[in-house]
Amino acid sequence: VGRRARDFGMLAAGLCVIDFSDKGNLDRYLTAGLAAPEGDSAWTSQSDVLLQFKPQRADRDIELHISAAPFLPRNRIAIQPTELRFNGVLLFSAPFTEIGVLRVRIPHELWNKYPIASLHLYFPNAKAPWQVGVSGDVRILALSLNRLTTKLSDTPRP
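Residues in the sequence shown are numbered consecutively from 46, following this note's numbering.
Derived from the structure by calculation, the hints contain no laboratory data.
It should be emphasised that the depicted structure is a prediction, and the values quoted were computed from it without experimental measurement.
Computed Cβ-Cβ distance ranges for the label pairs, DEER-style:
| hint | residue 1 | residue 2 | range |
| --- | --- | --- | --- |
| 1 | Ser-198 | Gly-178 | 42 to 48 Å |
| 2 | Pro-201 | His-110 | 16 to 22 Å |
| 3 | Ser-180 | Ser-138 | 26 to 32 Å |
| 4 | Leu-197 | Trp-175 | 40 to 46 Å |
Cβ coordinates follow ideal geometry from the N, Cα and C atoms, glycine included.
Assemble the whole structure, with the sequences as input and the hints as a guide.
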């Protein structure tokens, strides 16, 4: 008896949102790495997060934005370096030092490359609060993710 493939959610290249809140749609996209949503966001629970989806075909590049807040316990962790790979290609590498928005442009050729797209986030400074002496929490925290949005780019590629 064959296993049924997971039914990944569709993600439009035009205006679309993955809502990481407890009332959101994260379950349609999350493969690994996030704890259950709490209120308006979901914390990482590992140093890697994987989202997968069926990308709606695009004829222009996609602007992807992720709003997030870093785990920066005072005098213990100063920055949360963040890497974003889309379908295996590194598109973003920079630290989070405060609440903000990760912005990345995905070439439409890369967006359209596979029937199931993969968005991989990696956090080399992710730590459990118990490891840095701030609580007994065992989750591996890096970012609290709020929303991921996509839209077609209005500007030509540089």
